[in-house]
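One-letter residues, chain by chain:
Protein chains: 2
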Amino acid sequence: MDQEFASSLLENAVSEFAKLPGIGRKTALRLALYVLKQDKESAHRFGEAIIKLRDEIQYCRVCHNISETEVCPICSNPTRDHGTICVVENVKDVMSIENTHQHHGLYHVLGGLISPMDGVGPQDIEIDSLVDRVKAGGVREVILALSATMEGDTTNFYIFRKLAPYPDVKITMLARGVSVGNEIEYTDELTLGRSIQNRTLFSDTFHKEG
Amino acid sequence: MDQEFASSLLENAVSEFAKLPGIGRKTALRLALYVLKQDKESAHRFGEAIIKLRDEIQYCRVCHNISETEVCPICSNPTRDHGTICVVENVKDVMSIENTHQHHGLYHVLGGLISPMDGVGPQDIEIDSLVDRVKAGGVREVILALSATMEGDTTNFYIFRKLAPYPDVKITMLARGVSVGNEIEYTDELTLGRSIQNRTLFSDTFHKEG
Numbered sequence: 649m650d651q652e653f654a655s656s657l658l659e660n661a662v663s664e665f666a667k668l669p670g671i672g673r674k675t676a677l678r679l680a681l682y683v684l685k686q687d688k689e690s691a692h693r694f695g696e697a698i699i700k701l702r703d704e705i706q707y708c709r710v711c712h713n714i715s716e717t718e719v720c721p722i723c724s725n726p727t728r729d730h731g732t733i734c735v736v737e738n739v740k741d742v743m744s745i746e747n748t749h750q751h752h753g754l755y756h757v758l759g760g761l762i763s764p765m766d767g768v769g770p771q772d773i774e775i776d777s778l779v780d781r782v783k784a785g786g787v788r789e790v791i792l793a794l795s796a797t798m799e800g801d802t803t804n805f806y807i808f809r810k811l812a813p814y815p816d817v818k819i820t821m822l823a824r825g826v827s828v829g830n831e832i833e834y835t836d837e838l839t840l841g842r843s844i845q846n847r848t849l850f851s852d853t854f855h856k857e858g
Numbered sequence: 649m650d651q652e653f654a655s656s657l658l659e660n661a662v663s664e665f666a667k668l669p670g671i672g673r674k675t676a677l678r679l680a681l682y683v684l685k686q687d688k689e690s691a692h693r694f695g696e697a698i699i700k701l702r703d704e705i706q707y708c709r710v711c712h713n714i715s716e717t718e719v720c721p722i723c724s725n726p727t728r729d730h731g732t733i734c735v736v737e738n739v740k741d742v743m744s745i746e747n748t749h750q751h752h753g754l755y756h757v758l759g760g761l762i763s764p765m766d767g768v769g770p771q772d773i774e775i776d777s778l779v780d781r782v783k784a785g786g787v788r789e790v791i792l793a794l795s796a797t798m799e800g801d802t803t804n805f806y807i808f809r810k811l812a813p814y815p816d817v818k819i820t821m822l823a824r825g826v827s828v829g830n831e832i833e834y835t836d837e838l839t840l841g842r843s844i845q846n847r848t849l850f851s852d853t854f855h856k857e858g
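Protein chains in written order, with the working numbering: chain B, 649 to 858; chain Z, 649 to 858.
Do not rely on the hints blindly, as some may be mistaken.
Any copy will do: because identical chains look the same in the list, a pair fits if it lies in one copy or spans two.
Below 25 Å or equal to it, Euclidean Cα-Cα: the simulated DSS-like pairs (lysine-lysine) are [stated by the list, open to error]: (1) 740 with 685; (2) 674 with 700; (3) 740 with 674; (4) 688 with 740; (5) 688 with 667; (6) 700 with 740; (7) 810 with 783; (8) 818 with 783.
Quick caveat, the hints were computed from the structure, so don't treat them as lab data.
Hey, can you work out the whole structure from these sequences and the hints?
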């Protein structure tokens, strides 16, 4: 796609769209031409939504989730279990876990994972503030809900070590196992091995799902 | 995806992204979170590119293609064949045809196709201005390069009728046939039938491609 655009305005808009993840030049052109077809108000609403999102967004002082207020609705909800903190990589993970309705405690959004390859160290993500929350007391359990990747595991181990001085705090992590709906035949051996090691009582599982 | 967003700014940006063609709520969320991760300057550049694109874009007075000037570079290029006008649906089609390097004449961008189902009539697209160009004289050939759809065919016939008073102007259309690289087995019968009717001399085709 080495197209000459008839206008630098179009060229510029296409380049901007093409910076988005998963959007190539071809799709970017389609999106820019879509914007051109809309009325001016629509284009303004769209452009300003992007600018305002970045300019005016706030993060919860406690858990670093996106928030309209200094402390987010989850952290300030007295009916949630303030003794359990679920540690996640990003804002999207909070939404995913909230959608399961299985976690009734609070969150802690790291804002990334330790990744030496990408130059992300422990000081670049919100680990110190997690340790501070545990140090402040009242926390019974920290649930590590990070991706089952090398970066996730590295970050898990680092947090585990950092929280070693607080032996009363139980540190748990998400179960690894066969995905619901997946066939054994297509499950990788590592996952299958973990799912055998960590097998659960049939009666427990049945009870939980019922 | 019935997610509660922690911020109306995020909700708003996701809704705006989700209005784009081919972008669902899930992708829209991914794009909005990407914007959040960028610095403020990037978000401003992106948002303003969209607003400026829609606000400041100009169209060529002659062919209605996107242009930086009152008359576009193609229409004002004396080395192009001003006696041949290629009629296309939209700006993207001009780019596609320019990329083939097979058309050396001018264009005429209709800005749509006649589609009674969508309430688009002949007066909603740039047909009258095409007739005016032909009426003004100097045009030897009008190439109808519209999609091989019902709307394309309807528009072709309408233009054909409108240009009937100018019998000296040759009206041609894109050849219908088997796509280059496609197997006969998977070509639909209608296309295959047209490609037999309109078969070309092997020596001509060989010569053209050589």
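Homo-oligomer pair classification [residue 783, residue 810; C-alpha up to 25 Å]:
within (11 Å within a copy, 82 Å between copies)
Within a copy, between copies, both or neither: where do residue 688 and residue 740 come within 25 Å Cα-Cα?
between (31 Å within a copy, 20 Å between copies)
For the identical chains here, do residue 818 and residue 783 meet the 25 Å Cα criterion within one copy, between copies, both, or neither?
The answer is within: 14 Å in one copy meets 25 Å, while 85 Å across copies does not.
Which holds for residue 674 with residue 700 at a C-alpha limit of 25 Å: within a copy, between copies, both or neither?
Between copies, since 20 Å is at most 25 Å while 27 Å is not.
How would you label the pair residue 688, residue 667 (within, between, both, or neither) given a Cα cut-off of 25 Å?
This pair counts as both: shortest intra-copy Cα distance 23 Å, inter-copy 15 Å.
Copy assignment of residue 700 with residue 740, given that the CA separation must stay at most 25 Å
within (19 Å within a copy, 31 Å between copies)
Using 25 Å as the alpha carbon limit, work out where residue 740 and residue 685 are close: within a copy, between copies, both or neither.
between (32 Å within a copy, 12 Å between copies)
For residue 740 vs residue 674, is the C-alpha pair at or below 25 Å within one copy, between two copies, both, or neither?
between (27 Å within a copy, 10 Å between copies)
Of the hints listed earlier, there is not a single one the structure fails to meet.
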